[in-house]
Amino acid sequence: MTEQLRPDGSLRHLLTLEGLPRPVLERLLERAQGFVRPLGAAAAQSQALAGRTVANLFTEPSTRTRVSFELAAKRLGAQVVNLEVQLSSRVKGESMLDTIYTLEALHVDAFVIRDAEVGVPGLVAANVAPHVAVLSAGEAHLAHPTQGLLDALTIQQKKPRLSGLAVAIVGDLRHSRVARSAWHALRTLGVSDVRLVGPPALQPPDEEFPGGTRYTDLAAGLEAADVIMMLRIQKERMAEADLPEARRYFAAWGLTPERLRLARPDAIVMHPQPMNRGIEIASEVADGPQSVIRDQVRNGVAVRMAVLAEVLAAREGA
Amino acid sequence: MTEQLRPDGSLRHLLTLEGLPRPVLERLLERAQGFVRPLGAAAAQSQALAGRTVANLFTEPSTRTRVSFELAAKRLGAQVVNLEVQLSSRVKGESMLDTIYTLEALHVDAFVIRDAEVGVPGLVAANVAPHVAVLSAGEAHLAHPTQGLLDALTIQQKKPRLSGLAVAIVGDLRHSRVARSAWHALRTLGVSDVRLVGPPALQPPDEEFPGGTRYTDLAAGLEAADVIMMLRIQKERMAEADLPEARRYFAAWGLTPERLRLARPDAIVMHPQPMNRGIEIASEVADGPQSVIRDQVRNGVAVRMAVLAEVLAAREGA
Amino acid sequence: MTEQLRPDGSLRHLLTLEGLPRPVLERLLERAQGFVRPLGAAAAQSQALAGRTVANLFTEPSTRTRVSFELAAKRLGAQVVNLEVQLSSRVKGESMLDTIYTLEALHVDAFVIRDAEVGVPGLVAANVAPHVAVLSAGEAHLAHPTQGLLDALTIQQKKPRLSGLAVAIVGDLRHSRVARSAWHALRTLGVSDVRLVGPPALQPPDEEFPGGTRYTDLAAGLEAADVIMMLRIQKERMAEADLPEARRYFAAWGLTPERLRLARPDAIVMHPQPMNRGIEIASEVADGPQSVIRDQVRNGVAVRMAVLAEVLAAREGA
Chain V
63 MTEQLRPDGS LRHLLTLEGL PRPVLERLLE RAQGFVRPLG AAAAQSQALA
113 GRTVANLFTE PSTRTRVSFE LAAKRLGAQV VNLEVQLSSR VKGESMLDTI
163 YTLEALHVDA FVIRDAEVGV PGLVAANVAP HVAVLSAGEA HLAHPTQGLL
213 DALTIQQKKP RLSGLAVAIV GDLRHSRVAR SAWHALRTLG VSDVRLVGPP
263 ALQPPDEEFP GGTRYTDLAA GLEAADVIMM LRIQKERMAE ADLPEARRYF
313 AAWGLTPERL RLARPDAIVM HPQPMNRGIE IASEVADGPQ SVIRDQVRNG
363 VAVRMAVLAE VLAAREGA
Chain W
63 MTEQLRPDGS LRHLLTLEGL PRPVLERLLE RAQGFVRPLG AAAAQSQALA
113 GRTVANLFTE PSTRTRVSFE LAAKRLGAQV VNLEVQLSSR VKGESMLDTI
163 YTLEALHVDA FVIRDAEVGV PGLVAANVAP HVAVLSAGEA HLAHPTQGLL
213 DALTIQQKKP RLSGLAVAIV GDLRHSRVAR SAWHALRTLG VSDVRLVGPP
263 ALQPPDEEFP GGTRYTDLAA GLEAADVIMM LRIQKERMAE ADLPEARRYF
313 AAWGLTPERL RLARPDAIVM HPQPMNRGIE IASEVADGPQ SVIRDQVRNG
363 VAVRMAVLAE VLAAREGA
Chain S
63 MTEQLRPDGS LRHLLTLEGL PRPVLERLLE RAQGFVRPLG AAAAQSQALA
113 GRTVANLFTE PSTRTRVSFE LAAKRLGAQV VNLEVQLSSR VKGESMLDTI
163 YTLEALHVDA FVIRDAEVGV PGLVAANVAP HVAVLSAGEA HLAHPTQGLL
213 DALTIQQKKP RLSGLAVAIV GDLRHSRVAR SAWHALRTLG VSDVRLVGPP
263 ALQPPDEEFP GGTRYTDLAA GLEAADVIMM LRIQKERMAE ADLPEARRYF
313 AAWGLTPERL RLARPDAIVM HPQPMNRGIE IASEVADGPQ SVIRDQVRNG
363 VAVRMAVLAE VLAAREGA
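These protein sequences, in sequence, are chains V, W and S. Letter by letter, the first sequence follows residues 63 to 380 in our numbering. Letter by letter, the second sequence follows residues 63 to 380 in our numbering. Letter by letter, the third sequence follows residues 63 to 380 in our numbering.
If we strip away everything but chain V, and leave its shape as in the complex, we get (with noise of 0.2 Å):
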């Protein structure tokens, strides 16, 4: 595992929210709050990382991280380069190290890299340059830390005590990237009550997300619950929980709006989207007054411009 700290506690490389301490976590935080604005007020701007260049490496499609990414990064005064390479740490390690050692010979600072595979953030971390920052955008079904970041962020901005609130994640647990890097932030910022909702089949293995409360039962788990983080549904996964249409799944595991009653009157919705609405979330529910999926996505452009300025703030001779 690469080190994503320097020496001094600061930021040099984020891949995964797994192990990072609750200051940088609350730093950070804090940071992306100086740069949230109200939605239809003009983004935050400024020239912090003028000169700096960033590199986007996404080899899955993902327009909206992408975007949200290279908005952070200009709104920062950053050159920012799209590159569509095709990573891959199994066939080609090597050749793969080679684009990324001719692209910092290009003095680009920073890697956002977004990819299907385990592993090609940190492999990438481990290889580059001192002065040289790498950021996970999503990898594999195991860490999307700027999304964990966002996550926390907006739950902070409704919810300012955390310790106190239970947390239910519901959905397919066991392939999400999302649930993961959520899970880490809220354990670290202390929230005891995280509630695994979700079918039996997609249920995360037993070794993961430990001192979490398991349920199977969706009414069960969304009792009396502060916040709902609904979680994407892919087609083959609801073949693997036994509802193999969206009909059937909705049926059972859909967000509506009676069972948000479920919850606490002031309970928060949140989604990191794509959605698919009518199948896992009614679109009442995604459109009603408690969902605060569009601050979600505010925040990411804030969370990312944080990441941005603090992995690439430190740099000697910039």
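It should be emphasised that the hints constitute simulated quantities derived from the structure, not laboratory data. Ideal placement from N, C-alpha and C gives every residue a C-beta, glycine not left out. Hints are not guaranteed to be accurate.
[Unchecked claim] Listed below are the simulated DSBU-like cross-link pairs for lysine-lysine, each with C-alpha atoms no more than 30 Å apart in a straight line: (1) V:220 <-> V:136; (2) V:136 <-> W:136; (3) S:220 <-> S:136; (4) W:136 <-> W:220; (5) W:136 <-> S:136; (6) V:136 <-> S:136.
[Unchecked claim] From chain V, some residues computed to sit far from chain S (all C-beta separations above 12 Å): (7) 69; (8) 96; (9) 114; (10) 119; (11) 159; (12) 185; (13) 220; (14) 237; (15) 239; (16) 268; (17) 269; (18) 306; (19) 318; (20) 324; (21) 349.
On the provided structure of chain V, position chains W and S as indicated by the hints.
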């Protein structure tokens, strides 16, 4: 139909030129003229839109128009992101809108949308937040408003008094958004003699282009014209017109030097591009002294700057 | 052949290094050296090209070279647009030129063109307006002039006195634009001992590389060399050379540590990338102390900045 104007009469969206009041059109053309620079001179530049973000959403391949909008936005100091999102109101209107809401939450201030399907720009415009603008960059066969504006600007530069002009629009009028937007611009600006020149099968439906004169004889349509706007013909449309081969289409409807002599000696020749040389237009004409085709392109970026500047100017808190 | 120099001796286009006078080459290298920064330091930046527009037209996939040009232009303050236009002089020369004229009318000041076909950059250069520059980013097997410049710069940094050097270019010379551009740079700069080292089937035609010494024996070619430039080998070329498998090609022509010891102890090893490790070069050599491969990449962006700065500097009215 979404309202394109704000209560104060300024432009909020640009989806169609239909119904746009003459003063608005004239103001946009005047503003565009201020951004026009001679070919070979440096492009006009400003920082009027510094801190604003423009998203280009193009679902039809259209390098030229996309680049024209991209440069227009960048030369006003805006940040630009290009997306290859599949928009589709048929299959998944809500999912399309979720993409739009996401981009809106990333503080995108204007959407530039090109789509082959009727209704997409309007649907987006009907759903964005009050501070967000939608510009159509081409909607099915219906509208291509910035093309209509650049065509009007190009004519005005060469023939400052529009009202007395005879304008022949030649070719596949039925399927042409270029023809429709030019029509709306020209009528609003007081051009009374607009000639719809093309084979019967490619004439527009009877209820469209009211007041235009239909010609199914090319020579008659060109007679003493001041302006000839050639349209692009698609292969499948040549077959519809019983002229399945390029050679035969050109023989019947191509603009040759001989036919050009039927128009006024100072007539100008226009084409929206890309051109099918040797099919709808002879190269001698396209590259000849009466052609203003490159002026159209140059005017295009000026028009797009004017439109972006107007729709994004009035924002509060920016 | 389009003239690459303006009457005052400054560079207007860069299509090939062939025939470029030594003072021009030396000026470009000196200018490039001014843009070189150590790996890990901040990239050189200026606003010398603020308000100018550079269009990257790449029809072969070439992420590295495209990004290198893109960053070079952005770091000089220029606006950059990337296009995926299909250029082709064979099928539709006029249509290709229409695309160029369109971009020119959008105030594009320089075209960077990569094409697998002979003649495309020259055809464009012969047709653009006087103020517009064309830079080849790789033309078929013929020319890759910025690669030749970066190779010369890299050698000069390590071996300031070029004239007495022995330079071995090893591998598939026949199909290599890298070899041709390096050849022209080195000859113009006074390198007399250039060795063309490769199997008979991959030697260039007899009339090319006049004055170079051909070696079909690798050991003889490497003997006491100061510089070893390895070329990339394509799979189909290994078959042409009767060495169809990577293992066999490497055994016969791969640069191993043992073979490297045949050269001078202070010899440098170069490769244009992407490398086929274990085919034309051993990883120990590619990553070893004599390798200057990453210097080449870093120098590439400096060379492209120098060339862009020179071709775009002299414009009137800018």
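To see whether the hints hold, each was checked on the structure:
1. Distance restraint check for residue 220 of chain V and residue 136 of chain V: the Cα-Cα separation of roughly 28 Å lies within the 30 Å cut-off, and the hinted pair is therefore satisfied.
2. Of the pairs offered as hints, the one joining residue 136 of chain V and residue 136 of chain W holds, with about 13 Å between alpha carbons and a cut-off of 30 Å not exceeded.
3. Annotation: proposed proximity of residue 220 of chain S to residue 136 of chain S holds, straight-line Cα distance about 28 Å (limit 30 Å).
4. Among the hinted pairs, residue 136 of chain W with residue 220 of chain W is consistent with the structure: their alpha-carbon atoms are about 28 Å apart, no more than 30 Å.
5. Pair hint residue 136 of chain W plus residue 136 of chain S holds up; C-alpha atoms about 13 Å apart against a cutoff of 30 Å.
6. Among the hinted pairs, residue 136 of chain V with residue 136 of chain S is consistent with the structure: their alpha-carbon atoms are about 13 Å apart, no more than 30 Å.
7. No Cβ of chain S approaches the Cβ of residue 69 of chain V within 12 Å, the least distance being about 17 Å, so the stated non-interface status holds.
8. Once the 12 Å rule is applied to beta carbons, residue 96 of chain V is consistent with being away from chain S; the minimum gap is 25 Å.
9. At roughly 8 Å, the least C-beta separation between residue 114 of chain V and chain S is not larger than 12 Å, which violates its mark as non-interface.
10. Not every C-beta of chain S lies more than 12 Å from that of residue 119 of chain V, the closest at about 10 Å, which undercuts listing it as non-interface.
11. Against chain S, the non-interface label of residue 159 of chain V is violated: not every CB pair exceeds 12 Å, the least being about 10 Å.
12. For residue 185 of chain V, the requirement that its beta carbon stay farther than 12 Å from each beta carbon of chain S is met, with the minimum near 16 Å.
13. For residue 220 of chain V, the non-interface assignment is confirmed: its Cβ lies about 39 Å from the closest Cβ of chain S, beyond the 12 Å cut-off.
14. Chain S leaves residue 237 of chain V outside its interface by the beta-carbon criterion, the shortest separation being 30 Å against a cut-off of 12 Å.
15. No Cβ of chain S comes within 12 Å of the Cβ of residue 239 of chain V; the nearest lies about 26 Å off, and the non-interface call holds.
16. The claim that residue 268 of chain V lies off the interface holds: its Cβ sits roughly 41 Å from the closest Cβ of chain S, which is beyond the 12 Å cut-off.
17. Taking the minimum C-beta to C-beta distance to chain S, about 37 Å, the non-interface status of residue 269 of chain V holds against the 12 Å cut.
18. For residue 306 of chain V, the shortest C-beta to C-beta distance to chain S comes to about 39 Å, beyond the 12 Å cut-off, and the non-interface label holds.
19. The claim that residue 318 of chain V lies off the interface holds: its Cβ sits roughly 45 Å from the closest Cβ of chain S, which is beyond the 12 Å cut-off.
20. Against chain S, the non-interface label of residue 324 of chain V holds: every CB pair exceeds 12 Å, the least being about 51 Å.
21. Distance check for residue 349 of chain V against chain S: the nearest CB is about 37 Å away, which clears 12 Å, and the non-interface claim stands.
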